[in-house]
Structure formats: structure tokens, C-alpha cells
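2 protein chains.
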Amino acid sequence: MDWGLIDRYAKSLIKEAGHKIRLSFFDQIHIDSKSNANDLVTNIDKEIEQFFIKQIQTSFPGHKILGEEGFGDEINSLNGTIWIVDPIDGTMNFVHQKRNFAISLGIYQDGVGILGYIYDVIRDELYSAKKGEGAYVNDERLPKLEEDSIQEAIIGINARWVAPNRYIDHEKLLGLIQHCRGTRSYGSAALELAYVSSGKLSAYVSMRLSPWDIAGGKVIAQEVGAVATNLEGEPPSLLGPEPFIVAREGLHHELLTKYIVQKR
Amino acid sequence: MDWGLIDRYAKSLIKEAGHKIRLSFFDQIHIDSKSNANDLVTNIDKEIEQFFIKQIQTSFPGHKILGEEGFGDEINSLNGTIWIVDPIDGTMNFVHQKRNFAISLGIYQDGVGILGYIYDVIRDELYSAKKGEGAYVNDERLPKLEEDSIQEAIIGINARWVAPNRYIDHEKLLGLIQHCRGTRSYGSAALELAYVSSGKLSAYVSMRLSPWDIAGGKVIAQEVGAVATNLEGEPPSLLGPEPFIVAREGLHHELLTKYIVQKR
Numbered sequence: 001m002d003w004g005l006i007d008r009y010a011k012s013l014i015k016e017a018g019h020k021i022r023l024s025f026f027d028q029i030h031i032d033s034k035s036n037a038n039d040l041v042t043n044i045d046k047e048i049e050q051f052f053i054k055q056i057q058t059s060f061p062g063h064k065i066l067g068e069e070g071f072g073d074e075i076n077s078l079n080g081t082i083w084i085v086d087p088i089d090g091t092m093n094f095v096h097q098k099r100n101f102a103i104s105l106g107i108y109q110d111g112v113g114i115l116g117y118i119y120d121v122i123r124d125e126l127y128s129a130k131k132g133e134g135a136y137v138n139d140e141r142l143p144k145l146e147e148d149s150i151q152e153a154i155i156g157i158n159a160r161w162v163a164p165n166r167y168i169d170h171e172k173l174l175g176l177i178q179h180c181r182g183t184r185s186y187g188s189a190a191l192e193l194a195y196v197s198s199g200k201l202s203a204y205v206s207m208r209l210s211p212w213d214i215a216g217g218k219v220i221a222q223e224v225g226a227v228a229t230n231l232e233g234e235p236p237s238l239l240g241p242e243p244f245i246v247a248r249e250g251l252h253h254e255l256l257t258k259y260i261v262q263k264r
Numbered sequence: 001m002d003w004g005l006i007d008r009y010a011k012s013l014i015k016e017a018g019h020k021i022r023l024s025f026f027d028q029i030h031i032d033s034k035s036n037a038n039d040l041v042t043n044i045d046k047e048i049e050q051f052f053i054k055q056i057q058t059s060f061p062g063h064k065i066l067g068e069e070g071f072g073d074e075i076n077s078l079n080g081t082i083w084i085v086d087p088i089d090g091t092m093n094f095v096h097q098k099r100n101f102a103i104s105l106g107i108y109q110d111g112v113g114i115l116g117y118i119y120d121v122i123r124d125e126l127y128s129a130k131k132g133e134g135a136y137v138n139d140e141r142l143p144k145l146e147e148d149s150i151q152e153a154i155i156g157i158n159a160r161w162v163a164p165n166r167y168i169d170h171e172k173l174l175g176l177i178q179h180c181r182g183t184r185s186y187g188s189a190a191l192e193l194a195y196v197s198s199g200k201l202s203a204y205v206s207m208r209l210s211p212w213d214i215a216g217g218k219v220i221a222q223e224v225g226a227v228a229t230n231l232e233g234e235p236p237s238l239l240g241p242e243p244f245i246v247a248r249e250g251l252h253h254e255l256l257t258k259y260i261v262q263k264r
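Protein chains in written order, with the numbering used here: chain A, 1 to 264; chain B, 1 to 264.
Be careful, since some hints might not be right.
One copy or two, it doesn't matter: identical chains are merged, so the pair holds either way.
Stated by the list, open to error - For lysine-lysine, the following DSS-like pairs were computed, each having C-alpha atoms within a straight-line distance of at most 30 angstroms:
id : residue 1 : residue 2
1  : Lys11     : Lys98
2  : Lys20     : Lys98
3  : Lys20     : Lys144
4  : Lys34     : Lys258
5  : Lys15     : Lys54
6  : Lys98     : Lys54
No lab work stands behind these hints, which were simulated from the structure alone.
With the rest of the complex left out, here is chain A (with noise of 0.2 angstroms):
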């Protein structure tokens, strides 16, 4: 597999994409929601998966492809290549905001994470990485992650964490807010994996993110030495919806072990 090619091919795909969507600001935007009244859904999310799907079936006929938005493969297991997008990571913000969201692409070969790409498209910022050569943004390397403290760390973690809910002991959680520097919440967390791994932020945390939420920044993440993993400290199935948690080391250990504590 010539991973070279693969890689630039994707960045020209996620470019392009990328204009078609800043573009897309001058229609008018259908906006629906999906599984409930927040989760948004637009014309644009789906067209912009339909054209990354178009041009992968006809580029790369043996692969296979999971997009949020449905139009792909079913995908029961890892076996083989597969590219995992989400074409507009954090909608909600494209509807409200139209900024502060993200191309996602994870491209992986039996289970293996070999490139990921996150791209920030009103900023023009293009978050990428290939296993084994180092991440980037833009033209830049970026460093490996220093270890932090709980004290130093800024968190992202979305507010209705700490509220009860049924994934974690929320008290514990309580004790973080109170320790750590400070927590922000972008509401993409493609974006929020990209600012832990240029060390934005030193964790991000979701009770609840799909395949094509993370495929992308895991790749990345790992190459400048965040760990990424489930609550259990396993590596994200990338086959359904799961509690999620990037960080330093040091600092992604402390955290499963007193402040993120699975309810049972």
C-alpha cells in the first residue's frame, strides 16, 4: 500500500472538501435533527459525505468507508482499509457559530491507525499525522506533549458531565473542576482532540463519541504521545459509541484512576 500516495490524496479530498463547505455559506442551509432535537444534521453534512465517498469508491475501489452521516459501509469489524469521516464534526456550532468545526478522517488498515487528519476549516488549520512520522498543522511539526499536573491542566469537558448522568460518578468528577486550572468546552471534539495534541489543552473527555468523532485524532494524538483510550484504559473500539479520554500520560492515568470513575 503506497501510504504516501494515500496521504496526499486525503489532504487534496479534505482541502476540497473544506472550500465546498465555506462555500456552502452563501445558501441557504436545511438544518433536521437526528436521534434528538440537539443532534443537527444538515444538507451540507450529508453532501459533503457523499462527495468524500464518491471520489474514495472510484479512487480506491477495495476500501471500505464509515461516515456518520450513513451513506458508507456497514462496518462490523476493522479487517482491511478503512476510512472513517465524519464531514462536519460538531454541526451544532456549523449551524450556530459557522465556525469552531471540523473535517474529520481516520484512515486505518486491520484496526491499525495509520493516517488521521483534522481539519479546522474556517481557521484553515489542517491537523495531520501518518503512524510513525510525527504529527503536524499546517506545514508545522508539532512536539511531543511534556507531562502535566491535575493543578496545571486545562480540561475539556462539557458542563452536562457534571451534571448526574448514567455513564460516571459525577462527584468524583466534582473534585477535577475544583483541582484542575481550568475547563473549556469547544463542542467538537475532533477540535478538542487537535488542542490536546498542539497542547491546547491537556485532556479532553466525552462520556459518549462515535467512531468517526475519534478515528482521526487518535491517529494524531498518538504521534506526539497523548494516550487515548475507552474508561476502561483501552484502546476505542472505532465499531460503536463509547466513553472516550485523551491526555498526557501521566496525567490520562490520574485521571481514570481518582476523577473519571465508571458507574457499574
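Once you've looked at the hints, dock chain B against the given chain A.
Showing chain B alone in chain A's frame:
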């Protein structure tokens, strides 16, 4: 008073300060803490405030200046012409992220906000307003805000206020987290005010903000029809730290009556 002249002067001062801040990334930044370990200040916050003060004192010797870093005047009343400046709002973001911070400036005449500015230094976005003449982001006029329901609202609120705290009944706030469309937290009150004024957030709430956090944004918010008050529904005093809420009008009322209930 020639407010048109002051407006042009203030804008050029802010742009020059922003330029100095961007250049500072090429030098070593010295970080200290103030009231607590997470209340950060850098040599750049101080230098930029001193730059503002020196320029304003030279050009407008009769005006008073209230600055976050304390180099300005001691202000016990809002009589006269007062420049209220935060050289870097979101210092923690400035230090950790090198983005997502702003210069905030409000110019008040006998307690009335006449000019307001929030400058997102890295995006090069200047939000500005002159009382009675509308609000702008760069050269683009910001439209009046439309009403918004809780169900469709994205609320700017930090997770710390959802934890038990001495200001408000956090249980009531949990209802808001469940009922609203989503929450965000950016770590800069000034930027969050700019986001409310430009429709990217429907409301922003914090339990403790200082005059320099809100002085600029309050003028901008008013020009687009947002309401900015303390939790009693009264205008902020601008003389000391206070709880603060800014929202579209109907939403402001609903938030204060149903969800954000002050402890007595």
C-alpha cells in the same frame, strides 16, 4: 466631547496593542499568579496595560483609567470619562493556547457606556460599538439579535458553576444544562460577550466578573439588543466583582426566573 475622534483613537490603540501581543510570542513570556494559583498574569498583560495608560494619559489627560493590572487610577465612582481596560482577557488561554484571548475596552461617560471594543487578537476580529450607532465586527454591521428559546439556545457557562458553589443554587442550573441545546466554555468573558453579541452564543453567565471583563462587551451587547445585568437584573455596577449574565431579552428573563437562582 468628540466621540468620533476618541473612537478612531481607541481603535488604533487597540490594533497597535494587538500587534505588540502577537510579537510577544517571539520572546520569553514570564508568568506569575495573582489572587490564586490559577489567576495568571504575565509581563505582557502588564506591559500592554502600561502602554494603554501612557497613551491615554498623554492624549486625554482629563480622563481616568481603570485597568485589570492596577496601573491605572483608583476608581470609586463612575463620574467623568473613564476608560476601563483589560489588556489580555483570558490570560490562561494566552499562556496555554496562544489564542482565544482578547483586549477589552469600554469608555464610559458618567456611568454611561459610550464606546465598547473587544479585539480577538489572533483572529484579527475587532468587535466594536458606539452608543446608538450599532455594533460591528471589523467593518461588518452586526444584526439585531432575534429571540431564542431555551431549547435552541447555546449557553456559555463554565462547568465550575454547575458544581456546588456559594453564589447560586447549582441544582437549578442542572435543569438548564438538560433543557438547553448545548453549553460551551471558552475561558474569556470578553470573547463570550462578543459571541453573544454576534449570535454565536445565546447567553453567557458567570458568577464572578470584574468591571474590565465586561465594560467593553456591555456597550456592544446593548447595541444588538442583548441584556447585560447582575443576577438581580440590574446593570453591573462596574465598581467591583459581580455575578453577570448577558442574553437575548426573553431568554435573559427566563434564565433569571427559572434557572439562575441566587443564594441568599
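Within, between, both or neither, where Lys20 and Lys98 count as close if Cα-Cα is 30 angstroms or less
Answer is both; intra-copy 13 angstroms and inter-copy 29 angstroms each pass.
Using 30 angstroms as the alpha-carbon threshold, which applies to Lys11 and Lys98: within, between, both, or neither?
both (22 angstroms within a copy, 26 angstroms between copies)
Please sort Lys15 with Lys54 into within, between, both or neither, judging by C-alpha distance up to 30 angstroms.
Within one copy only: 16 angstroms inside, 46 angstroms across.
Identical-chain pair category, Lys20 with Lys144, by Cα at 30 angstroms
The answer is between: 29 angstroms across copies meets 30 angstroms, while 33 angstroms in one copy does not.
Is it within a copy, between copies, both, or neither that the alpha carbon of Lys98 lies no farther than 30 angstroms from that of Lys54?
within (26 angstroms within a copy, 38 angstroms between copies)
Regarding Lys34 and Lys258, is the shortest C-alpha distance of 30 angstroms or less found within a copy, between copies, in both, or in neither?
between (35 angstroms within a copy, 28 angstroms between copies)
Checked against the numbered hints given earlier, the structure satisfies every one of them.
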